[in-house]
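My request is simple: use the sequences and hints to build the entire structure.
Just so you know, the protein sequences line up as chains V and H, in that order. When the letters of the first sequence are read in order and numbered with the numbering used here, they come out as residues 328 to 805. When the letters of the second sequence are read in order and numbered with the numbering used here, they come out as residues 25 to 440.
You can take every hint at face value.
In silico DSSO-like pairs for lysine-lysine, Cα to Cα no more than 27 Å straight-line:
id, chain 1, residue 1, chain 2, residue 2
1, V, K704, H, K30
2, V, K608, H, K36
3, H, K252, V, K798
4, H, K335, V, K348
5, V, K799, V, K703
6, H, K255, V, K502
7, V, K703, H, K36
8, H, K335, V, K361
9, V, K615, H, K439
10, H, K252, V, K502
11, H, K195, H, K153
12, H, K252, V, K509
13, V, K493, V, K361
14, V, K355, H, K335
15, V, K608, H, K439
16, V, K493, H, K335
17, V, K349, H, K335
18, V, K799, H, K252
19, V, K443, H, K93
20, V, K681, H, K36
21, H, K335, V, K502
22, H, K255, V, K509
It is worth saying that the hints were derived from the structure and are not from the lab.
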Amino acid sequence: MIYFALLILVIISYLFYFIGKKRALNLKFNGNIKLSSQPDYFGYYVVLMALIPALLMWFGLLLFKGNFQEMFVMSPILFPDISTWSDGKLGLILNKLNNLSVIVNLPLDDLTNGEKSILNMASENELTAAKNLANFDKIYGWSNLTLFIILPIILGFLATRSISGKLNAQPIVEKIITYIIKGSSYIAILITIGIFLSLVFEAINFFRYVNPVDFFFSTGWNPNRAFVVDASEGFDKDDLENAFGFIPLLTGTLLIATVAMIVAIPLGLMSAIYLAEYASKRVRDIAKPIIEILAGIPTVVYGFFAALSLAPFIKDVGESVGLPVSAESALAAGLAMGVMIIPFVSSLSDDVIKAVPQSLRDGSYALGATRSETIKKVILPAALAGIMGSFLLAVSRAIGETMIVVMAASLRANLTFNPLEPATTITTQIVTSLIGDVEFDNPKTLVAFALGLTLFLMTLLLNILAITIVKKYREKYE
Amino acid sequence: MNSLNKRLSAEKRFQAYGLFAVALSMFFVLILMWKIFSTGSGAFVRTTIEANVFFNPDFIQVNQNSLEKELYRASYVALADEVVRQNHPKLNEEQFIKVREMYTRKFDYQLRDYLLDNPDKIGQSIIMKITASSDLDQIVKGNYPRDVPEAQRKINDYQLSVLDKLTSEGKVSSVFNFWFFTKGDSRDPESAGIWGAVMGSLYALIICFSFAFPIGLLASVYLEEFVKPGKVTDIIEVNINNLAAVPSIVFGLLGLGMLIGVIGLPYQVPLVGGLVLGFMTLPTIIIASRASLRSVPPSIREGALAVGATKMQTVFHHVIPLSLPGTLTGTIIGMAQALGETAPLLMIGMVAFVMEIPGGPLDPATGLPSQIYLWSESAERGFLEKTSAGIMLLLLFLIIMNTAAVVIRRRLEVKW
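Spelled out as structure tokens, the structure:
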């Protein structure tokens with residue numbers, strides 16, 4: 328239905344472009360009226376006038392559809408105890424009614440056995456509500472469609488009629504387009520605000536259940552404890568005191584990120600140095616794209632690889648030398664993550680090393696230094712700030728990486744600094760707490776937003792720091 | 025002299041470290057690819073068992089004149105059992121259950137699909153290649169060892185003996201696994217396909233493109249052409265750079281909290297997935313598009329302005345068309361990244377078990393990477409090769425998109 332309506336809207340606007348243009352041309356040649364803009368602009372003018380209100384109204388309808396639907400269907404006559412329902416129950420019932428509304432008006436012969444049994448199990452009131460819902464959907468759909476067709480047509484004709492010698496279409500059209508362009512550039516800011524608001528709001532909800540001090544400083548992580556207590560009964564705060572402790576997640580995240588950086592920094596930096604300073608053009612042309620493939624591989628692939636091959640391999644190796652290694656060791660996840668980050672470090676460092684002026688190298692060679700001495704004692708110190716910036720960006724990436732740790736790291740929190748033991752991370756716990764039924768009235772779900780907020784702020788801090796450093800460095804040699 | 029030798033050998037060592045680092049990184053690429061291809065190639069063929077099928081109207085309770093709807097609704101379970109009994113005569117009940125397990129659980133669907141295509145075969149006998157169960161498939165492919173004790177095998181000794189008999193009669197064969205490319209997800213590995221996930225990702229990418237491309241293009245036009253550098257542009261610029269480095273999972277939380285929680289869009293649909301991916305891709309597109317706009321020489325703008333074009337006409341008639349190849353390249357690269365993103369899809373629910381192939385961006389769906397994640401979490405060996413095969417398909421799409429980006433850059437980009 329929506330696609331159909333959109334298609335019609337496109338056709339209508341296309342037609343109106345020609346109608347507007349035609350009318351302008353008519354005035355010009357048959358009416359001998361001097362127009363103040365090119366005929367094209369009258370076409371654009373009509374299209375914009377016809378479309379913008381319709382699109383805005385459609386967007387409004389879309390936003391409030393849920394409210395209208397609830398008003399229409401969830402009447403207290405059908406469901407007397409509706410005021411006592413929780414949001415979760417309301418959602419469940421709505422979902423059920425939605426399923427029912429699809430089949431409730433169909434002839435019995437067309438139903439499968441499963442659908443018949445769903446119908447039989449529903450109560451009389453539910454069936455009535457489902458019929459209401461089906462009617463609502465019909466009315467909503469048709470009103471939407473008329474809105475899409477009739478409103479633009481009326482507005483379009485009005486706009487066409489208003490075309491005259493006095494109407495200067497071009498400035499109006501350009502003004503509207505300027506607003507649209509300006510609005511587009513503010514969307515990036517809106518997204519950031521949206522991220523911040525949605526994280527903060529749900530995080531505040533979470534901190535209603537759990538004291539922030541407990542969250543940030545306690546060392547126990549057992550979110551399932553929140554399940555034991557029923558959400559509607561209210562929580563006993565003591566029960567949650569040691570259930571949501573952030574510390575083991577932080578140490579786990581840092582542990583895995585450290586392993587990753589131990590892999591990625593030397594390999595990435597040395598690759599960058601070799602490719603920038605030593606390799607012939609032919610070697611560079613082959614090796615660089617291959618290393619960059621590593622950056623293009625989706626993280627879910629690394630996660631699969633880490634869980635399937637790397638973790639068992641490390642476990643076997645560890646056991647053969649007599650070390651107890653967990654099957655979900657932080658080492659496996661960290662190694663896979665390190666490989667993922669190699670190209671990130673190497674391409675950033677490459678840019679930085681290339682930006683060091685040739686005169687510094689020449690000066691060093693002139694003093695008789697070998698190439699490696701030049702690199703170690705001149706180029707790297709000169710590029711240090713930039714390289715540090717790229718490391719920070721890499722760390723931020725490692726902390727925010729999700730799929731590798733979801734697939735290869737442990738789910739159990741473990742306060743340890745031993746990479747052979749299992750460890751969990753912030754991102755893993757965000758995913759675990761949100762997979763499955765999502766209800767926004769339980770601290771077990773809401774904790775994801777508190778974790779997300781912490782993660783967002785951590786990475787934001789690292790990014791700002793890194794970007795500032797890199798920028799300062801660039802200015803130094805420009 | 026001694027110290028010079030030392031310095032020279034230090035030089036050699038340092039260079040060797042560099043070469044080693046490059047070689048090791050390349051080795052990682054190789055080992056990753058090798059592992060994926062060696063585990064995944066099996067998913068493209070499936071084992072079938074030839075069987076004589078008599079479409080006995082009594083078992084399906086349809087006849088030559090039945091409508092397509094009736095054929096679709098009829099139950100083929102009894103017919104499937106009968107086919108097994110006819111092709112393996114003289115089985116006792118226990119043996120029958122074991123033999124039936126060797127065929128796919130979706131036996132009845134296979135019969136139904138065949139009959140829907142060939143309704144004239146009712147009451148006739150034909151020879152059909154029936155798909156084997158995943159466990160049997162894995163034995164035939166050699167992924168399950170045959171020589172371990174019976175208790176550790178999914179296929180017991182009796183089933184193995186039946187298999188060997190069928191093999192010697194030439195009835196067991198491998199065919200190209202079309203199902204993998206045409207079907208949606210399934211609980212049974214042998215009938216699970218990737219097409220539902222591909223369509224889910226496709227719808228999400230269409231939404232992502234229709235959101236991020238126009239807005240990214242217009243935003244960069246505004247920042248490059250219409251405003252003087254100042255406080256506002258600085259804020260937007262810092263903001264875009266930071267947005268580009270925000271972890272993808274946080275965008276997923278935005279989708280869940282805002283789009284689903286506040287605005288009330290449905291859970292697990294490509295529309296929300298596409299919007300979230302669009303939010304993520306937007307900074308990439310803006311950055312690429314700005315660079316591309318900047319590379320259009322000022323003489324073009326001055327020329328247009330000199331013959332009387334307005335600022336708007338200059339930008340839309342001259343500058344944007346010239347910068348479009350660069351913008352498109354950046355967009356395709358951004359979309360390729362978006363295609364591989366899994367974490368945001370997890371957050372907005374596109375990781376559920378969905379059998380139906382989605383018909384639009386408002387139908388419940390999974391995405392290609394989240395389907396890979398789902399399969400990888402499954403314990404059955406049959407899903408392992410599906411996971412790898414899914415990854416191969418995903419990588420293929422990424423290669424195609426990145427190649428397209430390179431081709432557009434080479435062919436269309438104007439060098440000034």
